[in-house]
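Engineer: Given next are the chains, with one letter for each unit.
2 protein chains.
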Amino acid sequence: MPDRLAPGATIGILGGGQLGRMLALAAANLGLKSHIFCPDPHSPAFDVAAARTVAEYDDETALRAFAEAVDVVTYEFENVPARTAEVVAASRPLHPGARALATAQDRLAEKTFAAELGIPTAPFRAVASEAELARALGELGAPAILKTRRFGYDGKGQVRIEPGMAAGEAWAHLGGAPAILEGFVAFSREISIVAARGRDGAFAAYEPCWNEHRNGILDVTRLPAGLPSAAERAAVDAAQAIAEALDYVGVIAVEMFVVGEGERASVAVNEIAPRVHNSGHWTIEGAETSQFEQHVRAICGWPLGSTARRGRIEMRNLIGAEIEAWSEILAQPGAHLHHYGKAKARPGRKMGHVTVVAPEGT
Amino acid sequence: MPDRLAPGATIGILGGGQLGRMLALAAANLGLKSHIFCPDPHSPAFDVAAARTVAEYDDETALRAFAEAVDVVTYEFENVPARTAEVVAASRPLHPGARALATAQDRLAEKTFAAELGIPTAPFRAVASEAELARALGELGAPAILKTRRFGYDGKGQVRIEPGMAAGEAWAHLGGAPAILEGFVAFSREISIVAARGRDGAFAAYEPCWNEHRNGILDVTRLPAGLPSAAERAAVDAAQAIAEALDYVGVIAVEMFVVGEGERASVAVNEIAPRVHNSGHWTIEGAETSQFEQHVRAICGWPLGSTARRGRIEMRNLIGAEIEAWSEILAQPGAHLHHYGKAKARPGRKMGHVTVVAPEGT
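Chain order of the listed sequences is A and B. Under the UniProt record's numbering, the first sequence has 136 at position 136, and the numbering climbs by one with no breaks. Under the UniProt record's numbering, the second sequence has 186 at position 186, and the numbering climbs by one with no breaks.
It cannot be assumed that every hint is accurate.
[What the hints assert, rightly or not] Some chain A residues near chain B, calculated using beta-carbon distances under 7 Å:
| id | residue |
| --- | --- |
| 1 | A9 |
| 2 | A245 |
| 3 | A345 |
| 4 | P347 |
| 5 | G348 |
[What the hints assert, rightly or not] Just a sample of chain B residues kept apart from chain A, beta carbon distances all over 12 Å, derived:
| id | residue |
| --- | --- |
| 6 | S34 |
| 7 | Y57 |
| 8 | R214 |
By construction, these hints were calculated from the structure, which means they are not laboratory data. Quick reminder that beta carbons are idealized off the backbone N, C-alpha and C, glycines included.
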């Protein structure tokens with residue numbers, strides 16, 4: 001492994017939000033420095049990094065200087081522009097690589113990729129016009145969900161089409177952007193697999209997380225998810241197949257629907273995130289190795305750590321004004337507060353999270 | 001509690017070594033910023049802090065500007081000069097306070113203070129000349145340990161006097177600095193109590209740690225220490241009495257000797273450290289709340305966290321070239337590597353540590 005990094009090296013991180021911040025904290029524990037690149041001068045990750053670049057993602061001069069100042073580049077968000085990735089990858093290793101980015105940025109490419117691997121997804125159709133939407137609705141039926149192919153997150157860029165709703169109305173809602181229509185999946189639960197693949201191809205998954213959303217944003221993650229073992233195996237196998245097909249390096253999160261109950265339950269892939277993931281925040285206290293340390297290990301060419309779980313887990317996001325409860329949370333025995341250090345608690349903004357790890361069997 | 005800080009506030013830390021670094025990491029998890037003041041431009045804590053001041057501890061202009069830029073001041077080493085403490089305390093709360101510093105900086109003041117509280121220590125005598133040393137040796141006998149009153153740490157500034165050794169030889173060894181002679185304590189073990197006291201007077205101790213030293217430097221800390229319950233209670237009570245008498249705010253560590261075995265074991269205080277402590281590093285993975293978070297909670301006026309232990313603990317320091325084993329440690333399942341990011345691995349320098357938490361009963 002000639003390109004294995006050593007402590008003292010610098011990790012370049014594109015994006016300065018809470019994920020970049022928690023990556024930088026994990027890197028510091030391992031003796032690594034972080035250099036954060038972000039256009040927002042108030043990025044919370046800047047406060048814990050050895051170096052920072054405030055520049056736009058299309059500032060190629062700044063990107064080149066950034067890449068040359070670091071030893072490896074990673075990112076905290078999947079919408080890194082392809083050209084940005086190309087510029088930094090010209091001088092330093094970029095993990096996860098460009099293919100993972102391209103696949104995860106485009107919901108159509110993502111679903112097509114999964115389908116080609118034989119991994120179940122919701123039924124889907126590419127939709128580039130109102131006429132195509134009408135035809136796709138005829139094929140998949142309603143309810144269905146129309147989503148922009150690109151730049152959707154936390155429930156943004158999508159509209160649910162109810163039976164009887166006109167194609168034109170839904171189409172107008174997305175403003176004519178290239179889209180994908182996804183057939184309705186009668187799921188019983190949403191789960192995710194957070195996993196990592198090393199530079200040597202080693203793969204290590206955390207146990208499936210059971211996720212509950214509110215207003216399209218992750219609200220609570222719980223473990224154990226209580227999946228039947230066949231469904232759990234199918235979920236982990238799907239994540240591994242995806243990571244291997246992408247020649248992936250780093251932490252990956254695959255969101256899935258659980259369809260059906262009991263031993264007949266199966267999973268369908270909903271979304272791939274080529275990065276550390278909100279549903280993996282529980283690993284900071286709840287697993288032997290946090291997803292942030294795991295990602296750092298992977299991109300440095302180091303061995304992956306143990307993903308063993310330490311107890312029964314509940315991770316709750318603190319969205320917007322919910323962060324005002326910080327002092328009550330601090331007073332709860334066993335509640336682990338994470339405050340992202342963001343100055344303004346706008347509605348819908350992820351401000352922090354709290355994790356409780358209870359002994360197994362309680 | 002009108003002076004309680006809120007997330008977004010800035011903690012000023014005097015000292016930029018690994019303790020300052022781990023304090024800053026813990027503060028960041030709670031949404032706080034850190035500002036590190038240290039004369040060494042290569043301080044490892046700088047890499048994880050929002051702001052840094054490179055200046056000498058007697059640079060009063062820099063100290064005043066630093067204090068005015070932060071909301072509370074703390075420190076990572078007990079040899080903060082009294083005048084430095086006075087300058088920062090003139091504009092911002094300093095925790096722990098000047099009395100704790102003054103007591104811990106002077107081995108004679110420290111032992112006298114403990115003795116006045118009725119807490120057992122090694123027998124001791126103040127020694128300011130060769131003649132006083134000879135007299136003290138006559139009273140306490142040999143073996144005994146002659147220590148400088150100030151600026152000792154990790155076994156520095158002390159000499160062991162064997163039976164038959166001349167007072168003059170020992171006295172010359174310390175270069176004539178004001179000293180304390182400590183009678184020999186036939187201890188079976190060395191332990192420490194790491195504890196915290198909040199601004200409201202709340203007190204919370206971690207379980208006693210069993211410490212083994214090598215070449216005068218902490219080598220391994222293990223828990224549980226297996227102390228008889230009466231000795232454990234006496235140790236925690238001594239730490240609490242010390243913290244209360246100092247009107248202490250923050251984490252304190254009290255090193256003690258265990259004298260005798262079994263139910264007849266008792267403890268004698270050896271040293272008070274008014275700060276987070278090497279023997280408390282295990283709390284990062286091994287306790288519900290790390291000593292670093294606990295210190296931050298205390299100095300911010302927040303409730304103390306749970307000190308519950310999570311399993312059987314072994315924390316091992318990585319001294320000097322031992323840090324070169326980092327990649328083997330990363331490959332050990334369940335081993336938690338902490339690398340302090342120091343560039344040069346000088347002999348005797350604390351470069352990192354590794355903690356293993358095993359399930360109880362294994």
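Engineer: Does each hint fit the structure? Answer for all of them.
Structural biologist: Quick rundown of the hints versus the structure:
no.	hint	result
1	A9	violated (10 Å)
2	A245	violated (27 Å)
3	A345	violated (11 Å)
4	P347	violated (18 Å)
5	G348	violated (18 Å)
6	S34	violated (8 Å)
7	Y57	holds (23 Å)
8	R214	holds (22 Å)
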